[in-house]
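*Asks:* Could you build the full structure based on these sequences and the hints that come with them?
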Amino acid sequence: MNEHEHRSGIDRRTFLARAAGATVAVVGATAVGWRLGHPHRPPPFDTRIFGPPGEATVAVLKASSYEGALEDVVLEGLRQIGADVHGARVLLKPNMVEFDPGSAINTDPRLVAATVAAMRRLGAASVTVGEGPGHRRDTGYVVTASGLAAHLRDAGASFVDLNTAAASPLRTNSSYTGLGELWLPQAIAEADVVVSMPKMKTHHWVGVTLSLKNLFGTLPGRVYGWPKNALHWASIEGSILDIAGVVRPRYAIVDAIVGMEGNGPIDGTSKPVGLLVFGDDPVATDVTSATIMGMDPGRIAYLQEAGRFLGQADPSRIRQAGEDPAAVITPFAPAPGFANLVAS
Amino acid sequence: MPPTLEDRLRSARNADGGFGPVAGVPSEPDATALAAIALDDGDARAWLAANQRADGGFGPVVGAVVRDDTAVAAMALPDGDARERALDRIVATAGANGPGGEGDPLGWPWSDGTHGWVEPTAWAILALRAHRPDASDRLDDGLALLRDRESVGGGWNFGDRTMLGVDLHPYVQTTGIALFAVHGLDPGLMARGLDTLRRRWASEASGLLSLALAAAAFRRYGDPAATETARRLRGAEPVEPDTVALAWATIALGSGLHVLEVP
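As they're listed, the protein sequences go chains A and B.
Residues 55 to 398 (our numbering) make up the first sequence, in order.
Residues 177 to 439 (our numbering) make up the second sequence, in order.
Note that these hints are calculated values from the structure, not bench results.
Yeah, the Cβ is synthetic: ideal placement off N, Cα and C, and Gly gets one too.
Be a bit skeptical, because a hint or two may be false.
One side only, chain A facing chain B, incomplete, derived with CB under 8 Å [claimed, not checked]: (1) 122; (2) 219; (3) 220; (4) 258; (5) 287.
*Replies:* Quick look at the structure:
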């Protein structure tokens, strides 16, 4: 459970069930109204559900390659953020939007497999990997060609295609898009713990794609399309916020062993970083990751807005374990049009 | 003897006569329509007719998102009022272009009020060619979108030729469905698409849906690669295939292909 759930005393599945059945009186707002510079407007999220974000913990660990004792590194990272998955049904959500041989588009399958093993060592009752690729309707191809299927088979872990899995509508807990409801796979709704596992990448529409943007892949293409263009039209940044407000990932693990810079998230250049970033708060994890990328998280609008209700965006309230982010900054070439994000 | 892909498709049917996106999931229009085509299945068609929206369309409505699976449903429906209302809806539906896209082809979107993309446009072209050929303006627009979105060198991906100056490579699955739509319309598109499919199908054959679309398209075009792709398809043993992939495999290997052979 994260801090908000501790405070309300309900677990994640109960929260989602209540959210589905309740008529949540979300204060109306437009995609324009939430922009930075309007901090005093009524919050476009349900303040009965989202309290002020508390302290967060992020751990940055060195990991030079996808070979070797990666499972031990993941286990150490999870321990440093105090991850508690004992007895929990865990769903890992990697980023597998597309497959292109030799590229750094996807969360590396070896990291996913290592995380499956680490979660089991921490006592998880079950570990499932789920993704709904955003560009490819043929999920079987993406999962097989990328090597994920083989790694999961070796690990004895199951995969669920979130593009085709059973799903049901859930009312959003915020109103950054006006979508009103999201079609959320049961595999997400019924998991006790969702772990967002993005690739550290630049993104040509929103600057960076990390643990929050990765959640686009939780929504099924059979409703939102390939690509999930309905979310783009509704506002990409707004969709990031509305989706995260429903999915509510408990932990994040950012694959920064090799990231992607420049024209990400598909056509960028591989960027060796040699790090894994773990967090008990997706916003804090993304703030730290953006810092490592040489970006100023204070200039990433959706991240700052997320800091109002989804997690901690204030670096002074993020407890940093492992490596000091300032000491491991590895400047990424920004996506076209996002040079303004580069920290000065 | 392991069950064939067609057997597996039949076994995925729900008690209500429809098909979900995977076995055990409630019936939905897209999967049901494709299964109806693949199996020439009256129960699936009955489910479709009973689940047509008041606006003539098919597809889930989730909050503000109105998914449009109308064209594939129109291809599955028999003659009659339901299909005519679906065709009316297809003619009246178009993709939306944002600022700077004025004058570009509109095609058909995955959901109302969004951009046109290759797969829904291909289905709409098929439905109109088959059952409303006098909708020439919309057919011309749809073909224009497929020309506009063709990948450099031929074939199609989901529907972006380039992205910020980078050429995006084609996919087997979307090239396959687009080839059905342009058959007999544009020799250049056909030739380049087929050549792309010949070059790429084997590299994407680990995906059942991609392999099935390649086999179906090769068969539609009488291409020699139809034999090898069909052989590979018959030997495929996917672990948890989705209904759409199973239906395309059944179409590629069975009699349902004739439904997609539009004049």
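*Asks:* Work down the list of hints and note, for each, if the structure agrees.
*Replies:* So, going through the hints one by one against the coordinates:
1. A distance limit of 8 Å between C-beta atoms decides the matter here; for residue 122/A the minimum to chain B is near 27 Å, and the interface restraint is violated.
2. Because the smallest distance between the Cβ of residue 219/A and any Cβ of chain B comes to about 7 Å, under 8 Å, the interface hint for this residue holds.
3. Checking residue 220/A against chain B by beta carbon gives a least distance of about 5 Å; that is within 8 Å, so the hint holds.
4. The beta carbon of residue 258/A comes within 6 Å of a beta carbon in chain B, closer than 8 Å, and the hint placing it at the interface holds.
5. Evaluation of the residue 287/A hint against chain B yields a held restraint, the C-beta minimum of about 5 Å falling below 8 Å.
In summary, the one numbered hint that this structure violates is 1.
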